[in-house]
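Sequence lines, in order, name chains A and B. So the first sequence is numbered by this note's numbering: it starts at 497 and just counts up by one. So the second sequence is numbered by this note's numbering: it starts at 497 and just counts up by one.
Please note: incorrect hints may appear among the correct ones.
Which copy is meant is left open, because identical chains are indistinguishable; a pair holds if it fits in one copy or across any two.
[Stated by the list, open to error] Think about it this way: if two alpha-carbon atoms lie no more than 25 angstroms apart in a straight line, the pair counts; the simulated SDA-like pairs of lysine to any residue are:
| id | residue 1 | residue 2 |
| --- | --- | --- |
| 1 | LYS606 | ARG712 |
| 2 | LYS603 | TYR628 |
| 3 | LYS542 | ALA811 |
| 4 | LYS760 | GLN657 |
| 5 | LYS603 | ASN730 |
| 6 | LYS851 | PHE524 |
These are calculated hints, taken from the structure and not from any lab test.
Protein chains: 2
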Amino acid sequence: MKADRIHNFNAGPAALPLPVLEEIQESFLNFAGSGMSITEVSHRSKWFDDVINDAVVRAKRILKLDDRYHVLFVQGGASMQFCMIPMNLLGAGDTADYVNTGTWSTKAIKEAEIQGKAIRVVASSEDRNFSYIPEGIAFNPNAVYAHITSNNTIKGTQWAQFPDTSGVPIVSDMSSDIFSRPLDVEKFGMIYAGAQKNMGPAGVCMVIIREDLLGRSPKDIPTMLRYSTFAEKNSMFNTPPCFSVYTVQLVLKWLEETIGGLDKMAALNRKKADLLYDYMDQSEFYRGTAEKNSRSLMNVTFRLPSEDLEKTFVAEALENGLGGLKGHRSVGGCRASIYNPTPLASVEALLDFMKTFERKNG
Amino acid sequence: MKADRIHNFNAGPAALPLPVLEEIQESFLNFAGSGMSITEVSHRSKWFDDVINDAVVRAKRILKLDDRYHVLFVQGGASMQFCMIPMNLLGAGDTADYVNTGTWSTKAIKEAEIQGKAIRVVASSEDRNFSYIPEGIAFNPNAVYAHITSNNTIKGTQWAQFPDTSGVPIVSDMSSDIFSRPLDVEKFGMIYAGAQKNMGPAGVCMVIIREDLLGRSPKDIPTMLRYSTFAEKNSMFNTPPCFSVYTVQLVLKWLEETIGGLDKMAALNRKKADLLYDYMDQSEFYRGTAEKNSRSLMNVTFRLPSEDLEKTFVAEALENGLGGLKGHRSVGGCRASIYNPTPLASVEALLDFMKTFERKNG
Chain A
497 MKADRIHNFN
507 AGPAALPLPV
517 LEEIQESFLN
527 FAGSGMSITE
537 VSHRSKWFDD
547 VINDAVVRAK
557 RILKLDDRYH
567 VLFVQGGASM
577 QFCMIPMNLL
587 GAGDTADYVN
597 TGTWSTKAIK
607 EAEIQGKAIR
617 VVASSEDRNF
627 SYIPEGIAFN
637 PNAVYAHITS
647 NNTIKGTQWA
657 QFPDTSGVPI
667 VSDMSSDIFS
677 RPLDVEKFGM
687 IYAGAQKNMG
697 PAGVCMVIIR
707 EDLLGRSPKD
717 IPTMLRYSTF
727 AEKNSMFNTP
737 PCFSVYTVQL
747 VLKWLEETIG
757 GLDKMAALNR
767 KKADLLYDYM
777 DQSEFYRGTA
787 EKNSRSLMNV
797 TFRLPSEDLE
807 KTFVAEALEN
817 GLGGLKGHRS
827 VGGCRASIYN
837 PTPLASVEAL
847 LDFMKTFERK
857 NG
Chain B
497 MKADRIHNFN
507 AGPAALPLPV
517 LEEIQESFLN
527 FAGSGMSITE
537 VSHRSKWFDD
547 VINDAVVRAK
557 RILKLDDRYH
567 VLFVQGGASM
577 QFCMIPMNLL
587 GAGDTADYVN
597 TGTWSTKAIK
607 EAEIQGKAIR
617 VVASSEDRNF
627 SYIPEGIAFN
637 PNAVYAHITS
647 NNTIKGTQWA
657 QFPDTSGVPI
667 VSDMSSDIFS
677 RPLDVEKFGM
687 IYAGAQKNMG
697 PAGVCMVIIR
707 EDLLGRSPKD
717 IPTMLRYSTF
727 AEKNSMFNTP
737 PCFSVYTVQL
747 VLKWLEETIG
757 GLDKMAALNR
767 KKADLLYDYM
777 DQSEFYRGTA
787 EKNSRSLMNV
797 TFRLPSEDLE
807 KTFVAEALEN
817 GLGGLKGHRS
827 VGGCRASIYN
837 PTPLASVEAL
847 LDFMKTFERK
857 NG
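In isolation and in its complexed conformation, chain A is listed as follows (with noise of 0.2 angstroms):
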């Protein structure tokens, strides 16, 4: 860590690789020899051309999707996404299957109940708190998908495995653990993931789409609210957000060439989350909040013994270099968000920091 950054937990926007940083930073005024910021180039020149398909490239490879599979690049976030995906892949008399695990769920849910779509709730984790993930769900096999969001930054669960729908393709909010670990993908006819969590800065997501439900849309769909406008103009019909695409080329770039790949940063994200949790299953100070079978890799949810001891504890973790370790504003408490970005060095350091504030407090 370079000495004035900090170890940084923020649950999104979040931790960049520094490298990555620095070529950004180290390119900012003549971008690929180009004269020109990455910021002033065009998005119809061939500089840019090769940032996009680049970045298309790298994430078909990483995740080893074959040619059925659309990378795009769409804005407005995955909350744009929860009215974009009813509205694209639902006509008159389809139904479709949702698992509310969560904060996120829930609201894309109701924008599919917005706009009056037949939607069914099959399994939910609110009784307790959204605080697991719920197993043997009876899917409906005439559903057009099942709904799910992967890993849940709230709560701290994550889909440790990907449920048996029967064949209904899962649609997956993943935007808190893509690329974090390898997928089995035909499993899945889309995968949706705001940019600014495992992969970039915000303002763009990648949208994966199956090319046989980028068919599904209706006629009387705005032009930027369909799936085939990016498809078919390659995430160009209008100005993409090309900033925030160049950053996550880089990005992929980086987990390709210095982290290796799916397997090893797989590897890397358990190894960092096992330092927490395993101090935390001997600790009585921390409390871990997820069920033990449904913690996520990505966002480490804790409890001190008192919300006073817990304010404390993120004021003197900041001043120790460690920040973004408060939890949600909905739920309290304190999150370490250790997406792929988040060195081991950072987990190590916020460990370190953890036991000294527990022989001092505990």
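Dock chain B against chain A, hints included.
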């Protein structure tokens, strides 16, 4: 100009003020002492609050907006506004007027029609290839709004004065001339502008909307497509495109503090455009394509005696450090986009090149 940077005449994304780019570069690893990049800072932090609030305050001060106007930051570009405007402002039985002055107006009209909204095209300049701005238009006094495109980047035309709509609020796409001149704001119900021409990088659209129009949205509009969602949450219902908003803030600061406000900006823009138009008017080699009283001060479109010469012109200009001079792919010819950030020195360099090129080839 720094030795390795070019004179950038791109139509968008376009040139940004060099001091703005330098400030971003310098603080890119540690924004405002946060120990994080601006791309890593939480949008729920004091750091980002200061950024977005300052951007809003400056936009309101520069345009002299009173408290009835909200300044919003929305994703999806002006193209998303083409659909959001009729979706939010036109209920059953409502009608709106549209003036067609080129490619972007045509797209705005199409998006209203896709939704089956009752709109009327009250004037068009298509009869003379969109080379002029229509006058003496009979607007419908019962229209909810009158839509215009204040500057037409592709055809190089601009409304010199805004039309008398008998009190019907104007809704204007100002993507390519917002903040380029003082406005009589009273006439406008809404102004929207993709940032990537006059005020920032791609990835954010500024929407200025008057209180009375905010209340019109039907209840079944998805949350992310409602203007009130953005107005109620200071554009942070979900994660905004932080980096783009930050750059807009810096450009507005530059406009106020370095340029000295809108009157000075307008005078400088007039001076830049006059340099090119005055020269073209006395030349028999270069021919402006817009009718004289409809000429844009932002996009100077022109032809040379042959397409071959145009190709040579664009290529030799680039060899001489002058980029982005090719006309839009839909119309051909040449175009110099000289938005707010384009320095006078760039226009002077272009003028010198044009003179030399005419001497050699005229």
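Open item on the list: I want to check one pair: LYS851 and PHE524. Are their C-alpha atoms no more than 25 angstroms apart within a copy, between two copies, both, or neither?
Closed with: Classified as neither: same-chain Cα gap 41 angstroms, cross-chain 32 angstroms, threshold 25 angstroms.
TODO: Up to 25 angstroms between alpha-carbons, please classify LYS603 paired with TYR628: within, between, both or neither.
DONE: within (18 angstroms within a copy, 47 angstroms between copies)
TODO: Please work out whether the CA atoms of LYS542 and ALA811 approach to 25 angstroms or closer within one copy, between two copies, in both situations, or in neither?
DONE: between (48 angstroms within a copy, 15 angstroms between copies)
TODO: Check LYS760 against GLN657 for me: Cα-Cα at most 25 angstroms, and say if that holds within a copy, between copies, both or neither.
DONE: For LYS760 and GLN657, only the intra-copy Cα distance (19 angstroms) is at most 25 angstroms; the inter-copy one is 61 angstroms.
Task: Alpha-carbon proximity between LYS603 and ASN730, which holds within one copy, between copies, both or neither at 25 angstroms - done: between (28 angstroms within a copy, 19 angstroms between copies)
Open item on the list: For LYS606 and ARG712, with the copy left unspecified, which applies at a CA distance of at most 25 angstroms: within, between, both, or neither?
Closed with: both (21 angstroms within a copy, 21 angstroms between copies)
Violation of the numbered hints given earlier is confined to hint 6; every other hint is satisfied by the structure.
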